[in-house]
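Chains as they are written, first to last, in the working numbering: chain C, 1 to 157; chain F, 158 to 445.
Warning: the hint list may mix true and false statements.
Partial list, computed: chain F residues near chain C (C-beta under 8 Å) [said to hold, decoys possible]:
#	residue
1	Tyr-159
2	Pro-160
3	Arg-162
4	Gly-211
5	Phe-418
Sample of chain C residues lacking proximity to chain F, with all beta carbon distances greater than 10 Å (derived) [as the list claims (entries may be wrong)]:
#	residue
6	Glu-15
7	Gly-33
8	Asp-42
9	Gln-72
10	Gly-78
11	Glu-123
The set of hints was computed from the structure by calculation and includes no laboratory data. Virtual Cβ for every residue (Gly too), placed ideally from N, Cα, C.
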Amino acid sequence: MGVPIRVEVNGRVYEHTVEPRLLLVHYLRDVLGLTGTKVGCDTSQCGACTVLMNGLAVKSCTVLAVQADGAQITTIEGLAKDGELHPLQQAFWENHGLQCGYCTPGMILAAYDLLQENPNPTEEEVRHGLEGNLCRCTGYHNIVKAVLDAAQRMREG
Amino acid sequence: MYPPRFDYYRAASVQEAVQLLQAHPEAKVLAGGHSLLPMMKLRLAAPPVLVDIGRIEELRGIQDLGDRLRIGALTTHWELERSDILARKCPLIPEAAAQIGDRQVRHRGTIGGNLVHADPGSDLPAVILALDGTLHLAGPNGTRQVAARDFFLDLMTTAVQPGEILTAVEVPVLGERTGTAYLKFEHPASGYAVCGAAAIVTLNADGTVAQARLCFNGITSTPFNAQNVTDALVGHTPDDATIEGVVDQHLHVGDPMGDVFASGAYRVELAKVFAKRALKQARDRAQA
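All chains should be modelled from the sequences, with the hints used to inform the complete structure.
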């Protein structure tokens, strides 16, 4: 059974016919070639597959591509504009908010979602807001620093 | 991990969903998918057909009906958490919803899916039971209502019959001098409730307990109503010592669940601790 879907990813519209069981993360990675989004635990826990769906962070390993039909998706590839890193990307870099980098795309999109809702979070709010994303390298400390730094950069525009 | 193969139908209305379920008796209903898809990926479920109800507008939203609130089955945990109506009229639901999973999960998971899935470690079942909620079902023979106390039959088993879907949950608006609280001891990795306590305390003008409810997630296979405890509280001034004494004396959990993380005996101990904390917090809020 093939189901036609139409999805806008990072501002570009794609139309494909997909198997119903195709997960959004595999649609992004294997069909569209957008491999920035990672598959981590594959059980809705680690957050490495986090993307924005209609503006809200979701775990794309737990969304079917057919459920994303008609949706707007933002992946890590969609954050930088005109060769300029997004403030979150810049802040993760400068604050050493990553080591191996595997969790980083999901971490940045979850942080993006958090800062959209709360542009001036406390450290505690950042830690709580990122509870759906696991990092096995950094101990989270520099990730939190990076998000707070990015929040300030974004507020200052 | 891909889920097993299935055929996919998207329903545009409740009526169409019911028709699709009649045409495909082996089908499962897909709402937010945050319980069903993980189970399918782990091959704990392999339905040959999914009926996607995720776009049915009539299943969305929260309405104030005066003496009660109606919550559409597709309302997400995130929407529960942020609803002005619920914050004013039923803060117990947003307090519990905010403790489910993480923000990504709460963006997708729905109240209807949560209740119908009836995972014992879930956070909303005991809350809806404590609130004496009513579940609205639609099926081939029309609609019917089931009280929360009759809804949860066993581990992951509810009163929803083949061909039926849950359309809404209604909860009564609580009266004056009422406080509520939901407190949870969560599994550190999964976030599921090892023990979750939902408490409601209504005080008389003289400060004694007029009525109370205390229901638990996580400790038994279905949400547990500790009516012995709340019956014993009625009429008393709910100071700390009274609450602690009543819980110690009257909380009897018949058949607690146990697993490698928390034995049955440990869950019973947790239930006592969380019962006391939740009742005290509900009392404080009733007094405020």
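Hint check results:
Residue-level restraint check for Tyr-159 of chain F holds (minimum Cβ-Cβ distance to chain C is 5 Å; threshold 8 Å). For Pro-160 of chain F, the shortest C-beta to C-beta distance to chain C is roughly 5 Å, which falls under 8 Å, so the interface hint holds. Interface restraint check for Arg-162 of chain F: the shortest CB-CB distance to chain C comes to about 6 Å, inside 8 Å, so the restraint holds. Taking 8 Å as the C-beta cut-off, the interface hint given for Gly-211 of chain F holds, the closest approach to chain C being about 6 Å.
Restraint check, Phe-418 of chain F versus chain C: the minimum CB separation of about 15 Å is more than 8 Å; hint violated. Look at Glu-15 of chain C: its CB is around 17 Å from the nearest CB on chain F, clear of 10 Å, so calling it non-interface holds up. The Cβ of Gly-33 of chain C sits about 19 Å from the closest Cβ of chain F, beyond the 10 Å cut-off, so the non-interface label holds. Once the 10 Å rule is applied to beta carbons, Asp-42 of chain C is inconsistent with being away from chain F; the minimum gap is 5 Å.
Every C-beta of chain F lies more than 10 Å from that of Gln-72 of chain C, the closest at about 14 Å, which supports listing it as non-interface. No beta-carbon of chain F comes within 10 Å of the beta-carbon of Gly-78 of chain C; the shortest separation is about 17 Å. Non-interface call for Glu-123 of chain C relative to chain F: holds, since the shortest CB-CB distance, roughly 17 Å, exceeds 10 Å.
The structure shown violates the earlier hints numbered 5, 8.
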